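Got chain A sorted already, so can you dock chains B and C onto it with the hints?
Listed below are the residues making up each chain.
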Amino acid sequence: MLAYLLRRLLYTLPIMGGVALVCFALVHIAPGDPLVSILPPDASQELQDRLRTLYGFDRSLPEQFFSWVWRALQGDLGTSIASSRPVATEVMTAVVNTLRLAFVATLIGFAFGCLFGFVAGYFRGSVVDRLASLLSVLGVSVPHYWLGMVLVIVFAAQLNWLPATGAGPGGSGEWAWDWAHVQHMLLPAITMSVIPMGIVARTVRALVAEILAQEFVVGLRAKGLTQWGVFRHVVKNAAPTALAVMGLQLGYLLGGSILIETVFAWPGTGFLLNSAIFQRDLPLLQGTILVLALFFVLLNVVVDIVQTMLDPRIARG
Amino acid sequence: MKPPLLTVQGLVKHFPLKKDVFGRGGGTVRAVDGLHFHVFAGETLGVVGESGCGKSTTARLLMHLIAPTAGEVVFDGRAVGSRDLPLKDYHRQVQMVFQDSYASLNPRLTIEDSVAFGPRVHGVGAREAVERARGLLAKVGLEPARFAERYPHELSGGQRQRVNIARALALAPRVVILDEAVSALDKSVEAQVLNLLLDLKDEFGLTYVFISHDLNVVRYISDRVMVMYLGEVAEIGDAERLFEAPRHPYTAALLSSMPSMDPDRRTERAPLAGDPPNPIDPPAGCRFHPRCPRAEAVCAQRVPARPAGGDGVACLMFEAGSGHAAAPARAA
Amino acid sequence: MPMSAAAAAPAVPVPPPRSRGYWAGVGLRFVKDPVALGASAVLLVLLVLALFGPWLAPADPFKSSMLGRLQPIGSEGFPLGSDELGRDMLSRLMVGARLSLFMGITPVVLAFVIGTTIGLVAGYAGGLVNSAIMRTVDVFYAFPSVLLAIALSGALGAGIGNALLSLTIVFVPPIARVAESVTTQVRTRDYVEAARASGAGAFAIVRVHVLGNVLGPIFVYATGLIAVSMILASGLSFLGLGVKPPEPEWGLMLNTLRTAIYVQPWVAALPGAMIFVTSIAFNLLSDSLRNAMDVK
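Residue numbers (the numbering used here), protein chains in the order written: chain A, 1 to 317; chain B, 1 to 332; chain C, 1 to 296.
The following block holds chain A by itself, in its conformation from the complex (with noise of 0.2 Å):
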């Protein structure tokens, strides 16, 4: 066991380093001038030489990849040029955020995606199941974006029950889990959960309906096994595919948040990934796309192992 953890770990490695190099390849095939953000148009080359040496900007490019990764290993992700703050503490204040935003949508998701997939694929082909099997491909669809605009009419604008943008009264420094701050929490959360709700049903739907269908299980019924006992057995088995879904749309969700954080306001890695794009700033670009596609690959490691030991019989070569 512990081998087999050893050695999908080893295997990871490649693929950080992959992942690191396209990162930075990414920033760099950006065209422009990095500096030309921040300088002002009349700058002189003296000005320019200088910012030019302190972001490392002089040194050939291979240089620049090395010297960035061997600083990051140590938790160094540079300097933002907009806010001439560490990268690494922006990223991993935004990175809280939209973790617990991610979080909260991937639970309401799972939710009501077990919730519906679960009675799709129990009462097969009637009325409940066609409803269920429509709501899900509603779901998966729908484009987030506008759902979450479409939510802001409906609950801020028109009825005024939610608040439309941000974190919480004052800006995002502070959290906590009172009314004030997870109202801006749930328009967020719910259209983030859409998606998600909408896969999980679907997955859940065909391990529930395939579950049932193995004689063994009609075998059980005969023998009298009750239908408490019917639903733990398909809980059993649907559980490790189940949460390996969930795990990944979590991934899904802390790469993909951008859009709707954009909607809301909401102070996450998404929000910051924009506005690192609009304003150019290559540090905070470079550190935000790695952290989140670092996360990414980490996550799925670990989906993959928590599956395996859920059930060895899937366990991979």
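A hint or two may mislead.
To be verified - Only some residues are given here: those of chain B computed to face chain C with a beta carbon under 10 Å:
(1) VAL97
(2) PRO119
(3) ARG306
Claimed, not checked - Subject to a maximum C-alpha distance of 20 Å in a straight line, what follows is the list of computed EDC-like cross-link-like pairs (lysine to aspartate or glutamate):
(4) B:LYS88 with C:GLU247
(5) C:LYS63 with C:ASP33
(6) B:LYS88 with C:ASP190
(7) C:LYS63 with C:GLU76
(8) C:LYS63 with C:ASP190
(9) B:LYS88 with B:GLU72
These are computed hints drawn from the structure, not numbers from a lab. In this text, all values refer to a predicted model and were calculated from it rather than measured experimentally. Virtual Cβ for every residue (Gly too), placed ideally from N, Cα, C.
Relative to chain A, chains B and C alone:
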């Protein structure tokens, strides 16, 4: 004696096993471990043995669909795959019919296209290739006007196997390897296809290597028979003689497991005992000794000599001076 | 001997009644599915709009009017309202179909061609070549698609060409993976082995035997990606990274109308509704296609 058409020398094929996630497993499957035999022009060599003895691997090695770990196949005096005999040329002369008639045919191609593919690969023009295919389909009993443009799923198992035979003949080979070619067919259909094979052999002057686990069929069709055990040759020789008077104890046991309809030939010989063979960890000495009713202490220590390619038996009982009680004395 | 009795002359085989080919069967099942027909109808309408939008639209989608800004749905001269620059929404939505559909479908088509080629090569070659190719693909696959699309677009800059490029790059890895997986399965089939035994070279085998059997599943998978591509492409325009104003494109329209949600909320929501409907239609179509192809 004529020189053999096809010779297998010291053929070895080992498959490494992957370790599973927990680090278990590993090791190698010694599917074929030092095979040596001849095939003579114009004969049918039957190959028999239990599952796992390496028959199918041997077929694939003969066709060079997989590369041997060691050893070589020699055709007409030339080593297969060498500059003397490049693979493409070899495949024009040696062809194969597979067991699964459905999986052997591309579901998206009409059967005439499937049969015509081989000739097309070797430069025959499209129209001529299709004509040749149709001619062959007629030869195997499938009327071209009604069958040529059908798809595999529209045919029965026996009909598909006829298509496979036509395909094998499309390149006008000299040798055809039949890997359990009739095993999946119903008995009546099997008889028809076997007779077709015999007719074709006469008409085209073919040589067959007929692999099967069905001893009755092998006896019906073969001139010589080779018995395999755990990747090695146990016994090889004339078919009738082998079936009437088997030398190797394994052959004897195999034959005694054949149900017989003849009341004069009731089963008297002992059937096989002991654990089924494990190609990953074969026994030391003679591989058959744990299950052999005639085994003695020397059998666990000494590996029997390999039989000659034409006729022989790998058993210490027949080796002069081997130390086995039944062995003849060494010539002075 | 038991064989002699059965060794009669071979009976003349009787061919079974003619059956349809595989694709004809798929087509028939597809046509019988009401959901598939409905989705196809919707997409047909959109296709017509995409092709003939500029001629069918009642007004000029670029003509702005300072007085007629943000008119509600059902106003005089603006059947679906007007946007923040006074342009007719109905016309802009109709003409916008062209760009939105184009941005959604083109990357998938390109990725289909590129990804299938990569997957075929990797799947058929096997061994080290396969590992090298697929590990590289895995590195890109390690990024969540939205993140990769935005990062690429952000790096390359706004514009249709760049957006198409970044979306194509995003979709190549998943298609390549599916292609490799299917090709590996087909490669081990007996008929491919038989083809090798005929002495055929790799190219001939792939062209005749592998391609026909592999394209189906990859195609179905790719159609499932179109809806995602549409949403992503519009999302890029929504962020200001894709189509540039004043071109009508649904995602861009959502962006510029965002501030209008307090003034004319339902007009502002219209472009997104179009994306939603299109996305549903593509997803349903893809599902129906998969169902139709699933029967052996």
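Hint check results:
1. VAL97: holds (9 Å)
2. PRO119: It holds, given that the least Cβ distance between PRO119 of chain B and chain C is near 9 Å, below 10 Å.
3. ARG306: This interface hint is violated because 28 Å lies over the 10 Å limit.
4. B:LYS88 with C:GLU247: Judged against 20 Å, a Cα distance of about 59 Å means the pair is violated.
5. C:LYS63 with C:ASP33: violated (43 Å)
6. B:LYS88 with C:ASP190: Distance of about 19 Å is within 20 Å: holds.
7. C:LYS63 with C:GLU76: holds (16 Å)
8. C:LYS63 with C:ASP190: violated (64 Å)
9. B:LYS88 with B:GLU72: holds (17 Å)
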